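Enquirer: Protein chains in written order, with this note's numbering: chain E, 1 to 188; chain B, 189 to 324; chain G, 325 to 707; chain Z, 708 to 1078; chain U, 1079 to 1264; chain S, 1265 to 1675.
Hints listed in this document are in silico derivations from the structure and should not be mistaken for laboratory results.
Every value quoted in this text rests on a predicted model; they were computed, and no experiment measured them.
C-beta atoms are modelled at their ideal positions from N, C-alpha and C, and glycine is treated no differently.
Incorrect hints may have been included.
[Claimed, not checked] Capping the alpha-carbon separation at 30 Å, the derived lysine-lysine pairs in DSS-like fashion look like this:
hint, chain 1, residue 1, chain 2, residue 2
1, E, 174, E, 115
2, S, 1527, G, 636
3, S, 1469, E, 133
4, S, 1461, E, 134
5, E, 115, G, 636
6, S, 1662, G, 633
7, Z, 780, E, 65
8, E, 115, S, 1662
9, B, 219, S, 1469
[What the hints assert, rightly or not] Calculated from the model, a selection of chain U residues having no Cβ within reach of chain Z, i.e. all distances over 10 Å:
hint, residue
10, 1093
11, 1145
12, 1169
13, 1177
14, 1181
15, 1185
16, 1188
17, 1208
18, 1224
19, 1226
20, 1235
21, 1236
22, 1243
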Amino acid sequence: MTTPDQHQDTPPQNRPQSRPQNMGAFTPEAQAEDTCTKPSFYAYFIKRPIVGAFSLLTGMGITLKTLCNVTSTVTQEYPENRDTLTMPPAFRGQVIMPHDEEGEHKCTACTLCEKACPNGTISVLPMKNIANKKVLGKYIYRFDQCTLCSLCVEACPFDAIRMGNDFEHATVDKDSLVMVLNEKEGRL
Amino acid sequence: MESYSLIGIFAILGILYVGGAILVSRILGPKGATGEAAGKKFQPYECGIDPTGSARIQFRIGYYLFALVFMVFDVESLFLFPCAKIFNAVASPDSTLPEAAANIGQGQILIELLVFVSILGLGLIFAWRKKVLEWE
Amino acid sequence: MDLVQTEIPEGFTRSAGGGHTEEYYLNMGPQHPSTHGVLRLMVRLDGETVKEIVPHIGYIHRSIEKMAESQSLIQNIHLTDRLDYLSCHMTNLGLCLAIEQGADVGVPERAEYIRIIVCELQRIQSHLLWWGCFAMDLGALTAFLYGFDEREKITDLFEELCGARLTMNYFRPGGCVSDLPNEFIPRILKICEHMKTTLDEYDNLVSKNMIIRERTQGVGILSKERALSHGCTGPVARASGINYDVRKDEPYGIYNRFDFDVPLGATGDCYDRYTVRIEEMRQSIRILEQACKDLPDGDFRSKEKPNYKIPKDEHSFSSVETARGNFSTYVVSDGGKTPYRIKYRSPNFSHIGAINDMASGYKLADLVTVLATLDPVIPDIDR
Amino acid sequence: MDTSTHQPVQQSVAERLDPHTATTPLGDWVRELCDAPDGGNLLSMTINVIIIIIAICAFSSLTAMVLVWMERKLAGRFQRRLGPTRTGPFGLLQTAADGLKLFLKEGFRPNASDPFTYYLAPLLPLTGAFMVLAVIPFGPSMWIADPELGLIFISAIAGLGVLALLIGSWGSNNKYSLMGGLRAGAQAISYEVSLILCFLLIVLASGETNLLNIVEGQQGNFWNWWIIKLPGAGFIAFIFFIITSTAELNRTPFDTTEAESELTGGFHTEYSGIAFSMFFLAEYVHMFIAAAIGATLFLGGYNAPFEFLPDGWWWLMAKSYAIIFLYIWFRWTFPRLRIDQLMALEWKFLLPLSLINLVFAGILIAMGWIL
Amino acid sequence: MEATLTTDILFYLFSAAILGCGLMAVTVKNLLHSAIALMGCLFGTAGLFLLLDHEFVALMQILVYIGGVVIFIIYAVLLTTHLGTRYLPASTLKYISGVTLAAIVLGLVLHIDPQATHTAVNPDRTATTIDAIGYRLLDGSTNGFLIPFEVISVLLLSAMIGAATIAKHQKPGATNDEDETGGSAS
Amino acid sequence: MGIDLQLIPKVLDPLPGGKGLTNAVDYIVNWARSSSLWPLVYGTSCCAIEMMATGAARHDISRFGAEVFRASPRQADLIILAGTLTEKMSHHLKTLYEQMPEPKYVIAMGACTISGGPFYYDNYSVIKGADRIVPVDVFIPGCPPRPEALLHGILELQKLISGETIRQPRVPRPLNDDPMIDRHSADAAAWKEEDKKIQEELAGKREQWAAENPDFKAYKGERFKNVSGPKMGHTPVERSCTSVADICAAVHDKFPDIPLYNKAEITDEELAELSPQYIPDFVVGQEQYTAFISFLKNHADLNMDLLLQVTAVDWKDHFDVLVHLYSTTGKHKIFVRCSVDYSKENDTPEIDTISHLFSGANWHEREIFDLFGITFTNHPDMRRILLRDDFVGHPLRKDFEDSSRIVKRPY
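Bound-form chain E, shown alone (with noise of 0.2 Å):
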């Protein structure tokens, strides 16, 4: 077994242990003294020190700062306010499909919503309806393996299926998981 090192042009060990003075153009100018080289006496014992102690001073005041701002507090809390928590209109929770006051849906069927999912999520399953059309049978929804990309929903030329904005999905059976969008076939 050789080292992936060996042919390096550099071997690790030849690098500089401590850096140049000068730390680059962006480096804070506050206290640019170099920590590796070896400090004279007041810089060790006095200068150090004292600068030091204040810019952890400094980050104390920060944080005693937040304590003492009730206002800075930024927690929202989540069971207790589910009556009003919004989601943004754009959120993607999950893929839904909305029915009318008759229970109708838009979905034709076109299997474009299927096609255009990159994870099989969607089963678009047709059937011949009374007339005798393809009309949608059932729409099979994986929710368990959908990455909510709504490519599915620009497929879609009907606006039949859009993203819903609920969240709350956690549960202990994973079968659920699997939806039938449609409450019943498709429309006449």
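Add chains B, G, Z, U and S to chain E, keeping to what the hints say.
Expert: Only chains B, G, Z, U and S this time, still in chain E's reference frame:
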């Protein structure tokens, strides 16, 4: 010595408290899988990977050196405690001092302290220069 | 439990353990708080000093390149989300640019601006997350939460823009999925203003902090030559002094219209990598302000009939600057709907390959620091 | 034990405390227990023992619970969030839930570990904490044991805590544990030197090694506290004590022993359930003890800041919790030091300066430059 | 403290602890276990000192011997051997010499014992208080220990120098500025 | 060994009111367990970020007492499987799960862990459902789920825990042993059966219905109009880099017989007219390969100092090994392409390594070896990098088949 017997009782109390808690917990707590079913449960944890080599490794000498230097300062404190204790007493006129203390003044103690501490300081500087205090 | 360990784990140059040396092997990862996911570093240690590091990757290898060969180009965009999920707009853009180049698709002016705005917002977001994780790896938990809190503000914007917080799938060849929501630009400008003061606060909390300085300065030095040899890009390379930023040197989109600086480091140590990223956030704010000012009206997506097929035997290659460096997409086509082969160049792949160079010889704690300043996204490495 | 003959020193302490020590409720319980070795009422003795056991266990558990809760709530506020809210009012019962859960969690020992050391280790820290708890003077009449050399006793016991980490980490047979344990050992012994020097300074200044006497010596207004009374030297020593005790407690920025991002938990990596919670508990009891000692030595213990205010345990509590707040504040602000920097801080900075400070204090006292 | 039933019981308890732990320390195969046993042994000794009212000595026993020496020994054990995997078998010669030595010491003790008039009670308590020790340490007269006190500090200095020299000896090339990256040669 | 909590009902139940007491104990124990769920630090990919966001200030998992993320499984109660689970990782996850003490809970977060999600089809490395490896208690769909969704999952888990009793201790859900099938086709097949029944049912009614509704028109949906506008132009991009003509001149100076890919017959004039977007793509033979790369690296003007990547393409009868180089000084790119022959009989294609020129090539070449099976001679460390060492085959080859792992995409 009464104090120490009380402290001793507290020590026993501590051992009973912890030991009792562990014992009761072991009795009441759930029992997980053992044997074949346990899989790698009893293996040492190393981020989910089977460990490479023994964990009882030989460590670097650096720790040992720090212990050595610590010993020196520990023994030093042994001698400094009595000196520090009588520092105030020798100066106060009303205290009933034993005979030995008659010819000890605060200045003398201070000088002794200074000598003692500076000799130790010299040792520290020596160790520093010799890079004993470099952690490896 | 052998006394003398004779077997050398794969990848190491020397054996450890046994009666003769004081060295031993230690596993960090795949489940370890400092490895940012499922990276596994196997370390040969001498006491606390790291002697050699052998990274093991592939614990989240999800065969995205293989899957790409059976999915159409558009469907592939949502897979690029899952590569570098912290700069997923940029990875989306990488594939979109490659498709646009190969299939000759044009992009409207407004869409170009939207792309810049969204990408730079994402860069700030990614660096904020990095800043928090960096501080957490060094033990400062509060900074981690501050970073995340600021990040949430940008995440909110993204959620309103495209409905997702992390896997956006927002760009398409020829533009974007949707237009900017109402009141979006003022909110961005507000965040920019807020970020300026926040970054100063961060300087006080972390950058100027003595402990952070002691732990990062002079640690994990990667020389310019080694960085080039390993193919490092992005902030890591720039911290080593390599003046290479895809946005400046091979401007994609309309990056050449904006005025911004490329921060460079001098030594290539952890502190330089830190300051370069902090400075990059400031530069991103500059770009954002310019882009928001100039944003034109118009279409957000090309109205051409989409034809996302790259001609047979053609290949197209695009590079974008993600928050981590040069992310390149190489698409080979056989003329079909699906690509014949897609190869994503992940910036972190090279960085993790260089970690032995950077961290060996330092302490174990420094390895964590070095890893934190590399800002690795492991799924991006493993693909 | 036979108490028919009181030690002279013991009596002198009692004499000084005379106005308050007509009754010493806490001490009396214990003393009564000790008074009746032969011929005493066995029943009352048993009851006394049980009461003391319950009181002390409850006190330490309660202290730890309050401190954990306080730490989590304060951490939340430091970090712009709420902290536990859902268990009891303000999440007050959170630690109780944690404790009960840990109590009812499966505890098992990895196969390759060494049973003797593995089980010995969790016993020691809390035992040490109990021993130190016994000597802290909580109030004018609230102290249990009062050894003549209380301060030296504390420094002796403080050195033992590290043993638990060392043997426990070795017994776990885990590389992370061993590294954490060895780090803890090196760290604890190093910082113990500074700690002892801080104690020495107080002994030098007050001429006492008895904690009760040290507190009594700081009676009066707040400028009689050693932090102020010794101009400069006292304050520096207090700062050093805070730094050193933070390191002895293995708290951030000195928590290299647990160093979650490096060692996944350090010495307690292999401990689960109640054994782990004993380390956890001891950590917080130790935190309280360290703060109480700091308050006793430098901030006047149970003495009120002004003469006209009544002394009492509440002052000690207030001062201790102020120091605890400092510890918590440190933890949620600072990153962690690297182990070599940590050692350098002690040996190359704190120790020389502590020595100089000690001599400086000696000169101050000899010259009479005390407030 | 006066000799009472309690002190007697405690004396025998501590003695038993010392003997038991001592026996354990020499018989247990695991070196770390014997170090812990040694710790118990030293605790017992501290207890005996306490019974004798030598409070300061007892505490120093804990501070220096347990807090320092035992930790030192544990480090030495952890750093030099592969515990848990290797136990050094004691040779017959070692057994014989050890037993012989123990027998000689026991004989000596038994020989001296009849002449000693010892009791579990400290006759002169005031001689061992911290103040008394302090005064004696700083007493410059012939009764005092001022000169030994100063010598001790020199002794400590030489111990420190010894430690430094050991470190120097351990790593021949590492005294220079270069951090040694190649690992120590076998 | 020993007694356990099950003793409590045995003792308490016979007492008067003992059943209520047992229930009270149950309640308290479940309360403690459910309000102190300490998660293991475990996250593999995107979902881990949302898990971290849940721990952050905005959503604050500490309200549930669960902010104590433990790095060691010995102290954890809960694994949140945040992110895809691959085969290489699954063994380690199992170890981690086993090393946790009882009681332990598992939350599967995101589509990848529930079912493989986007990585279900055509994938050789992802476990199709983490519940095949460890028993999962709560599933949270989403990709990734919002932090609130994770909190909802924790609430569900708390509900689950509060359903436990001492009398009936929890039994972990059995592992999922569903066959890895094409779920799409399976559903279609099932529907076929169902459809047959429906059609039989409808068959009798159709004529009658047609008679009742003579003027019926089927619903066609409301189709959007596809607006087509003017063709968009590309935004012009200015680049200041060495021109293609200059590069070709420099290369052909030293290697006159190296053609450009697809442009072997190109004239100098045509070269000069190529857009700055064009990247010269040289085709070299295997014998010249390393020498050519070395030449490009060391040439004073070209100075190709940054290796972007090394990759390969399987053309079924040969591989192309592609080297993508960039110059940080000249700001230009050069591609190098080298053909490596292979056939079914000769399955060990070989090519020289360039890892001595670029350290970064080391891993790229290992990846090619892993995924394509091309061996790089003189490579210092030629072993698999992404896949397990015992993986059989090279998955990015076009003829790679592995029915035990891969579910073929149905369409």
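Enquirer: Against each hint, give a clear statement of whether it holds in the structure.
Expert: Status of the hints after comparison with the structure:
| no. | hint | in the structure |
| --- | --- | --- |
| 1 | E/174 - E/115 | 25 Å, holds |
| 2 | S/1527 - G/636 | 15 Å, holds |
| 3 | S/1469 - E/133 | 14 Å, holds |
| 4 | S/1461 - E/134 | 16 Å, holds |
| 5 | E/115 - G/636 | 23 Å, holds |
| 6 | S/1662 - G/633 | 20 Å, holds |
| 7 | Z/780 - E/65 | 16 Å, holds |
| 8 | E/115 - S/1662 | 23 Å, holds |
| 9 | B/219 - S/1469 | 64 Å, violated |
| 10 | 1093 | 18 Å, holds |
| 11 | 1145 | 3 Å, violated |
| 12 | 1169 | 26 Å, holds |
| 13 | 1177 | 26 Å, holds |
| 14 | 1181 | 30 Å, holds |
| 15 | 1185 | 34 Å, holds |
| 16 | 1188 | 31 Å, holds |
| 17 | 1208 | 6 Å, violated |
| 18 | 1224 | 17 Å, holds |
| 19 | 1226 | 21 Å, holds |
| 20 | 1235 | 14 Å, holds |
| 21 | 1236 | 19 Å, holds |
| 22 | 1243 | 18 Å, holds |
Hint check: violations occur at hints 9, 11, 17; the rest are consistent with the structure.
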